[in-house]
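First to last, the sequence lines map onto chains A and B.
Once you know that position 518 of the first sequence is 715 in the numbering used here, the rest is easy, because the numbers rise by one and skip nothing.
Once you know that position 151 of the second sequence is 229 in the numbering used here, the rest is easy, because the numbers rise by one and skip nothing.
Hints in this document: simulated from the structure, not taken from any laboratory.
No experiment lies behind these values; they were computed from the predicted model shown.
Virtual Cβ for every residue (Gly too), placed ideally from N, Cα, C.
Honestly, I wouldn't trust all of these hints.
Here are some, though not all, of the chain A residues that point toward chain B, as calculated from beta-carbon distances under 8 Å [to be verified]:
1) 252
2) 260
3) 360
4) 363
Here's the letter readout for the chains.
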Amino acid sequence: MPDASPFRIQPPPRRRPPPFRNLRVYAFDPSLDWQTDTAAINQMTLRVPWEDVTVGPVGEYLEVVDVDPASDCCYAPVDLDDRYLLAESGLDPDEGNPQFHQQMVYAVAMTTIRNFERALGRRSLWSQADQSLGFQFVRRLRIYPHAMREANAYYDPNRKALLFGYFPAGTEGHNLPGGIVFTCLSHDVVAHETTHALLDGLHRRFMEPTNVDSMAFHEGFADIVALFQHFSLPAALRDQIRKTRGDLASQSLLGQLAQQFGQAVGQYGALRDALGEVDPATKKWRPKEPNPADLVSLREAHARGSILVAAVFDAFLSMYKSRIADLLRIATSGTGVLPQGDIQPDLVDRLAREAASTARHVLIMCIRALDYCPPVDLSFGDYLRALVTADRDLVPDDDRGYRIAIVEAFRRRGIYPQGVKSLSTESLCWTGPPAAAAQTLLELLPVIDSVRGISRHHGWSLSGDRQKIREDMEVSARAVHQWLLSDSSRAVARLMGLSLAPEAPFSIERKDGVPKIEVHAVRPARRHGPDGQTVTDLVIEVTQKRRGYLDPILQDQVDQQPIDPPPEEDFWFRGGCTLLVDLEHREVRYVISKDIESAERLAAHRAFFQDPVEEAP
Amino acid sequence: MSKPTAPEMTAPASGVKVRMYRQGQGDCFLLAFPTRQGERPCYMLIDCGALLGTEGAAAKMKKVAASVTEATGGKIDVLVATRDHWDHVSGFQQAKEVFEGIEIGQVWTAWTEDPNDPAAQRLRSRREIALRALHAAAQELRQCGEEDSAGSLESVLGIFGEIGKDGHPAAIQQTMAHVLGRGNPPRYLRSGDRPELPGVDGAHVYVLGPPGVAPRRPLAPAPAAAADGGSVPGPRETELKTLSFPFDPYFRVPVDAARQDSFFQASYFGIAGQPGEHEMAWRQIETEWLTTASRLTLQLDSNANNTSLALSIELAPSGKMLLFAADAQTDHWLTGHHADSGVPLQSPRLSPEEWKDFEKRCTLTQDYVELAIAGPASQPRGKKK
Numbered sequence: 198m199p200d201a202s203p204f205r206i207q208p209p210p211r212r213r214p215p216p217f218r219n220l221r222v223y224a225f226d227p228s229l230d231w232q233t234d235t236a237a238i239n240q241m242t243l244r245v246p247w248e249d250v251t252v253g254p255v256g257e258y259l260e261v262v263d264v265d266p267a268s269d270c271c272y273a274p275v276d277l278d279d280r281y282l283l284a285e286s287g288l289d290p291d292e293g294n295p296q297f298h299q300q301m302v303y304a305v306a307m308t309t310i311r312n313f314e315r316a317l318g319r320r321s322l323w324s325q326a327d328q329s330l331g332f333q334f335v336r337r338l339r340i341y342p343h344a345m346r347e348a349n350a351y352y353d354p355n356r357k358a359l360l361f362g363y364f365p366a367g368t369e370g371h372n373l374p375g376g377i378v379f380t381c382l383s384h385d386v387v388a389h390e391t392t393h394a395l396l397d398g399l400h401r402r403f404m405e406p407t408n409v410d411s412m413a414f415h416e417g418f419a420d421i422v423a424l425f426q427h428f429s430l431p432a433a434l435r436d437q438i439r440k441t442r443g444d445l446a447s448q449s450l451l452g453q454l455a456q457q458f459g460q461a462v463g464q465y466g467a468l469r470d471a472l473g474e475v476d477p478a479t480k481k482w483r484p485k486e487p488n489p490a491d492l493v494s495l496r497e498a499h500a501r502g503s504i505l506v507a508a509v510f511d512a513f514l515s516m517y518k519s520r521i522a523d524l525l526r527i528a529t530s531g532t533g534v535l536p537q538g539d540i541q542p543d544l545v546d547r548l549a550r551e552a553a554s555t556a557r558h559v560l561i562m563c564i565r566a567l568d569y570c571p572p573v574d575l576s577f578g579d580y581l582r583a584l585v586t587a588d589r590d591l592v593p594d595d596d597r598g599y600r601i602a603i604v605e606a607f608r609r610r611g612i613y614p615q616g617v618k619s620l621s622t623e624s625l626c627w628t629g630p631p632a633a634a635a636q637t638l639l640e641l642l643p644v645i646d647s648v649r650g651i652s653r654h655h656g657w658s659l660s661g662d663r664q665k666i667r668e669d670m671e672v673s674a675r676a677v678h679q680w681l682l683s684d685s686s687r688a689v690a691r692l693m694g695l696s697l698a699p700e701a702p703f704s705i706e707r708k709d710g711v712p713k714i715e716v717h718a719v720r721p722a723r724r725h726g727p728d729g730q731t732v733t734d735l736v737i738e739v740t741q742k743r744r745g746y747l748d749p750i751l752q753d754q755v756d757q758q759p760i761d762p763p764p765e766e767d768f769w770f771r772g773g774c775t776l777l778v779d780l781e782h783r784e785v786r787y788v789i790s791k792d793i794e795s796a797e798r799l800a801a802h803r804a805f806f807q808d809p810v811e812e813a814p
Numbered sequence: 079m080s081k082p083t084a085p086e087m088t089a090p091a092s093g094v095k096v097r098m099y100r101q102g103q104g105d106c107f108l109l110a111f112p113t114r115q116g117e118r119p120c121y122m123l124i125d126c127g128a129l130l131g132t133e134g135a136a137a138k139m140k141k142v143a144a145s146v147t148e149a150t151g152g153k154i155d156v157l158v159a160t161r162d163h164w165d166h167v168s169g170f171q172q173a174k175e176v177f178e179g180i181e182i183g184q185v186w187t188a189w190t191e192d193p194n195d196p197a198a199q200r201l202r203s204r205r206e207i208a209l210r211a212l213h214a215a216a217q218e219l220r221q222c223g224e225e226d227s228a229g230s231l232e233s234v235l236g237i238f239g240e241i242g243k244d245g246h247p248a249a250i251q252q253t254m255a256h257v258l259g260r261g262n263p264p265r266y267l268r269s270g271d272r273p274e275l276p277g278v279d280g281a282h283v284y285v286l287g288p289p290g291v292a293p294r295r296p297l298a299p300a301p302a303a304a305a306d307g308g309s310v311p312g313p314r315e316t317e318l319k320t321l322s323f324p325f326d327p328y329f330r331v332p333v334d335a336a337r338q339d340s341f342f343q344a345s346y347f348g349i350a351g352q353p354g355e356h357e358m359a360w361r362q363i364e365t366e367w368l369t370t371a372s373r374l375t376l377q378l379d380s381n382a383n384n385t386s387l388a389l390s391i392e393l394a395p396s397g398k399m400l401l402f403a404a405d406a407q408t409d410h411w412l413t414g415h416h417a418d419s420g421v422p423l424q425s426p427r428l429s430p431e432e433w434k435d436f437e438k439r440c441t442l443t444q445d446y447v448e449l450a451i452a453g454p455a456s457q458p459r460g461k462k463k
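This is chain A alone, in the form it adopts within the complex (with noise of 0.2 Å):
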């Protein structure tokens, strides 16, 4: 909203709205403001997108309610575009001000936002309202800073909502005895549930448990941006590279998620650290050692999901290590060894600098991976060769040897995807469909071509309009659906791990005769080309679901013929497939499937569903 200057005679040009909006946070948690080694690094400005917002804040992504029904009160709403917090890079952090919690929760959320809609090159969009609202487009996010009393938080799939609570502190670590933790004031926290409700936006099936990895991945993936954004705090990560020497594989509170949620809930170190533990004996911190025992023995969310947190951070080191190694001989006249005592500020500088970049590269290659996993039934194997894949794309070649540490992490760690006959990058790659049934899959180009706007991608652009995005993905969804119900594509349909023949088997629900499919997404991806030009992708996300049961042979009567009405499930069977298609090559590159007919992946989840993973406490 540009003035009317005061000043008529020439008015000055047309001021456009700024980048950034400046808001002040915790740059991890209250708890590190009364330490004075960490208190300089824990409060920090963040750039967050400029968009027109009103009280609450309400944007274009996020509205935050601050109702607490627990107290029976509400908390009245900040008004982000009041000059004097203009002004001041918004409230100062201030634990005891429900207003600063309000601007936190918002600052952070849509920090996350931004992280993922650079990486993927597209606008973010919640998941729609269910069934019973009639899938309504949901436009906001819905935040709720002080939803209970709980050592909680978590994203509601059902209100679309993000709900923390807040809860007296425990009598250990720093927090003060009785004294009241915010998990709003969290930066980890809110990056965490922020993750889950985006990821629940692209994938929607990923929230199912449907086998061991298919939660924890959900809570891996939260933590690992949660963990890679910590990287984009200069102050802090100066200040640790400084401490440990650069060598971030030590202790350092840039590789710990939640201290103060951690002591608060009386563990002595933070809630989850990628890197090592406390020692419940002796209280001291070590490293931990990757353990291929621990994927058989850990079920819980939580505990196997930092598995893969450890596995990518673990990656991650290794291509820092890589990136500095000649830093430090530069700074070392030829040795790498650095000289006891402080290192130079300088070499500081460089190290922040080289560990902030490969830090957002492994950011980015996560979040891009989504758009390369299969729509249902992810396991950690699956996410390991989308991650190659992704990065392949982004980077086609691999001369640091990023994927070959990505690799031997997750070796390290026992995760190896199946059905694949080597771990060489290569061969981990997803790959394309076979020659024949690549042509009859070129026959969806001109389908959807004919769809304006999704052949231009004009509605996915940063600036489009997302109900309006959601709607074009919609038509163009039902005219993938209509092809994929022609009878050309029978023939490709196996490929793409459905079943549309008309002796399918009946467990699959049929309409009008055939059998019924789902198209939930078609969405751009871009990369950059081979030559440096940005080519977009489309990525097709079709399932099918099959009644489950848990006897064999009740499965086999249902399957061999229709049973009207059939009896009640004991679980939905999903399978279906991604389709990336270049549309500026018109060729199909990968096909990624999950057959609906597979007797060994329907044995594993009757197998899961029998002794399911006990809810985390």
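Based on the hints, put chain B in the right spot on chain A.
For chain B alone, coordinates are given in the frame of chain A:
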């Protein structure tokens, strides 16, 4: 399977005879040890309770008590009350008249039950505050129309016994006070104690838990966490209210005022009576915080488990151990055991054959299972509910 012939329970020549009553979910063990004089055995009764909600609990417990009277000839030498939970002590209230007819030698219980111990007082008062708040939460849930949540919360709260209108665990406290009152005075035990069984040579008792100091983990969530679950009655109400609010009063906008405010109307409450009001409901969180109460209750219970009295009884000279752990969790007594007795603990898994053999040696009636464990030779087996 054979019927017991004599009404009075006998002790084996060496070792112990253990009888486990079958009243449903709950604990009640009667042990008979041979004494020095070789006359009347020494009888030890460990707990007498049935879980709240057990069908016909009172009748069942009266039957158990009558059987105990008969078996002991009307005198219990050592009465052990492991903890103040309904499934451990309900019988002392439900069959109060019968127990009043029994002579009781000593009463053993955990130090955490000692009304004069300041640490024990602290533990208890914190738990009471939490319990009161949880009951208030259940009432509030009911008022909000969340019948199911309220019901499930109340059923979990049942482990703490029937609770009076003020949310005070009255029944269980009265019962416990009554039991302790028969001890004149009761013995308050902590890990490391080695109380003696009167007149018994062949068995040594080691107390494994509770540990001598308050457990490191807080027993109950600190008051502020749960204390103002609705209107909490009692003199401390005002104090708790101020203590538990997260922000200073001038930040708090009363709900009634917020309902009139355009921001909260548009984003949360809707406008009362207007058609849009209903459409806001799916994202509201009015009762979300109350559904956490069930989780809190379970946590309260599992934290309190470690205040229960855990005993091991060594049968000399074989060194075989009987373990009566009540609800104590392994990590709490295992270290204590090693430190205090130096006897390694074995808890072998029985093979199917061994189980058959074990069953053969048991006497099974409608009311109880009985097994004699000789000093040497036979297979000892820890008992845990």
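Results of checking the hints against the structure:
no.: 1; hint: 252; result: 6 Å, holds
no.: 2; hint: 260; result: 6 Å, holds
no.: 3; hint: 360; result: 6 Å, holds
no.: 4; hint: 363; result: 6 Å, holds
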